[in-house]
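Chemist: Chains as they are written, first to last, in the working numbering: chain A, 910 to 1222; chain B, -17 to 559.
Hints listed in this document are in silico derivations from the structure and should not be mistaken for laboratory results.
This list has only true hints and no planted wrong ones.
Below, computed lysine to any residue pairings styled on SDA-like, alpha-carbon distance capped at 25 Å:
no.: 1; chain 1: A; residue 1: Lys1197; chain 2: B; residue 2: Ser55
no.: 2; chain 1: A; residue 1: Lys1197; chain 2: B; residue 2: Glu54
no.: 3; chain 1: B; residue 1: Lys70; chain 2: A; residue 2: Gly1193
no.: 4; chain 1: A; residue 1: Lys1197; chain 2: B; residue 2: Glu49
The following residues of chain A were derived to be distant from chain B, with all beta-carbon distances above 12 Å:
no.: 5; residue: Trp918
no.: 6; residue: Ile968
no.: 7; residue: Arg1012
no.: 8; residue: Gly1122
no.: 9; residue: Ala1139
Predicted model only: the values in this text are computed from it and were never measured.
Using N, Cα and C, we set each Cβ at its ideal position, and we do this for glycine too.
Okay, here's what each chain looks like letter by letter:
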Amino acid sequence: MARLFVEEWSPEYGASVDTDESLAPAAGQIDTTVEVDGPWEPIDGHDDDFPAVAFVDGIRRVDARLTIDDPAAGPIPGICGSFAAGATLWRRDPPRSEVESVRVERLAIFTEGAASDIPPLSHGLLYRTESVGSSDPGMLVSHFHTQMRRAEAEIALDLARSGYFVVADGPISELAAESVVGYIKSHRVSYLPPEVMPIMGRIEPGQRTPLFGMPSYKRYSWYLRLTRPAGGHSWSGIVRCEAPGSLSLAQVKVLADRTAALLPRFASEPHIDPRAPQNLVPIGALEKQLRSRLGDQHIIYRALREATMRQPT
Amino acid sequence: MTSEAVPENGVGRVLGTQHTSTSEFRVVLEDDEYLQLDDLVVVETDVPKYGGIKTYGVVTESEAVYEGASFESDTHRIAADGILPGAKVRSAQVAITRIDPELWVSPDPGQVVRRATGLERHKALYTDEMGRPLAIGLGRDGEPMFVDLDFFDGRKGGHMSISGISGVATKTSFALFFLRMLTSKPEVVGEGAANLRVLVFNVKGEDLLWLDKHNKDFTEEAAAGWDVLGVEPKPFDSVAFWAPPRARSGDVVVPDIGGRQEGVEAFAWTPREFIDEGLLRFLFTDASDTRNQIPFIEERVEAQLQRYAVDVAGEPGAVVLRDPIEGHKPGDVVTAGKAEIVIRDLKTLSEAIEEFVDPPDGEPDTRWTGRVQAGTVSAFMRRVHAGASRLGHLIRAGESRRIDRSAAQVTVVGIQSLHDLGQRFVVGALLAETFAEKERSGQRFPLSVIVLDELNKYAPREGQSPIKDMLIDIAQRGRSLGVLLVGAQQTASRVAQEVMENAALKVAGRLDAAEAERAEYGWMLPSTRARARLLKPGTMVVSQPAIPIPLVVDFPFPPWATRKEEVVADGDPFQGL
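Isolated chain A (complex conformation) (with noise of 0.2 Å):
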């Protein structure tokens, strides 16, 4: 009979998978003129007095790396991990964040289509089986991954619809609601083609790049800039947003504008924040809570260990 078995090893080791690359297009590849025939200027942001904005923003952590002895056919891999998603909530006036939608998931997935239960846990730790059809373990964070970036888009949607303005942390996906921006702190590929490259030393905080669209589905982008640290170069302080093709231009417009005025006063500082200014304070914030929501990690290994071990040989 086939036996569970949690391994010794750190969960987190082979964790490290950048699984949003993926979702980056090729340099190169991108429509500089879909706002703009001709030069790029920097554009004004617009602050349209919107009155509540939702950080939507997700947090995984492996909690265990699995190991299903099957006497037939060997060892197979898995996981298992707990997420935790939510949203802080921005309202204008007066000015007040609150920490909302929370939603904590936990995994157990197995490569090869197998499947088994985790046994019944302490502290009412409750793991939902999944598998994927690969024998490639990496895809297990993969879907690990795909599975809370869905948590967070349903959120993003359902409080789209309930009439706030939400910044999602990471790029939009083909899940993404019509009136979701997505947020992307870091660039390991510059999109921009050398003749709109200068722009990026002259936009200053409060203002945007025209929007450009992006390939593989449709999508529009534009660079904004939070802040201009001390010593930064003319990349620092930048970040890219995302927004739906399925919106019209002018729709996209009113929400490029609204990021550029709006998003910097949301910077975080360097002393405060490692990944300043581009990790907006109610994002850092709101990952700090979804942590605490996780549990502790020490406890949970601990208790799938035990019952792991409790199972009938």
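Guided by the hints, dock chain B onto chain A, whose structure is given.
Modeler: For chain B alone, coordinates are given in the frame of chain A:
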């Protein structure tokens, strides 16, 4: 942080991110509740293998913080820009007063904390265990707070010590408030209530000379406070006022007092009383007097005076000094010879003594001086002369004008007009008289309460004096003799330790900041000490052996006048003049 299903009176829950202990815990408050300092709370905990216990406590600190703020500047991000989610969390620190039944385990985190009211309030304050609870003021909740009288009247402890800076008139006011409670609750005081006598010294101003008059500033609000305490707000109804006679007023004896004329009697001692009761020693009350041989010669002179003094015919209270070899017996009355000095006051007494110890022509009589140095004799005589000029008017022949402490329940002796030396003399003489009377009877009842302000002057920590010895004696033995001292001082650290240590009830009003840090106030909680410098008039901290933590009480404004201007003019014969 509103949580569900908090029962009635629930104000919050025991904090779970910190260890609770058997001495303190923290309460995280509900959004729509508050706790202030001195509030009483109770928590129920289910102890495995034992069952339910209730932990009672008093709030010692109240705190609030933004949860989610990790940097100080986050305050702006939360409160001004609103970009950082942060929740205001208010909490209160609770010092545990009691666990009932007494099982010394800490309360569970997450338990609902309730305000202690009704019976639970009494439990928190141990009132249910007090033999004779006497209300001693009002708590923050407007309900009475109690002391166990067993710890005042000598059954389990005695005496009260009141500390506080001067000028806010709290020490004397509280002492009088306490007396009012004591004299108004015979059902609590019990057998000691009958013939309870109080001796109060008025040492400054004339604050205490209006205790029998209504206060025109008395308010409805204050009346409500007295109502809660169950005492009718009215002036003391049995008070006698005594003042020293005015100096240099000739044969007319008029009380030396400014504001009040009617109802005040002048007191004095005759030379006969002075000698018989050994009051001479109270002329040597300066702490420096004991550093040389003066007490030696003083004791000798005192003894000799008692042997030599003979009453003079036709002059009550006056004496002449004759050698006992001449054969006079106690009670004899003689006619003074021409050359004899008739002792009618302190001046003539000092002249008569000088004849023996330092005659102008001849050698000192060693039966009177012993073998002390001539310098010591001069020092002794200098002090007797000084006494004659400063308090000579307190000693005069004639009919007895002793203070009659049995005439009224409260006897107020106004010594504010006297020189320091005179004040110490009167206090010493009256303490000695009271104590000697009780020592003779050997009975605890009737109780005799003595209220003395500026105790540091009479029983200073450093040095020796007959009054200090007297007060230490009262502090140590008075409890069993029914002599109870209510002492007040600005600084407890300057009062003789034996006197402080024997006071079972310790009370403090507003304290000087440096004073509050001293070991003498170790009975206060750190938070109470910090607050002691901010206490308002009418608020006191009370410590008693029966409760492990000090109580903060308010006492209501007095219905009696404390100044002439406050006296209700009704019935004043001089009204309109």
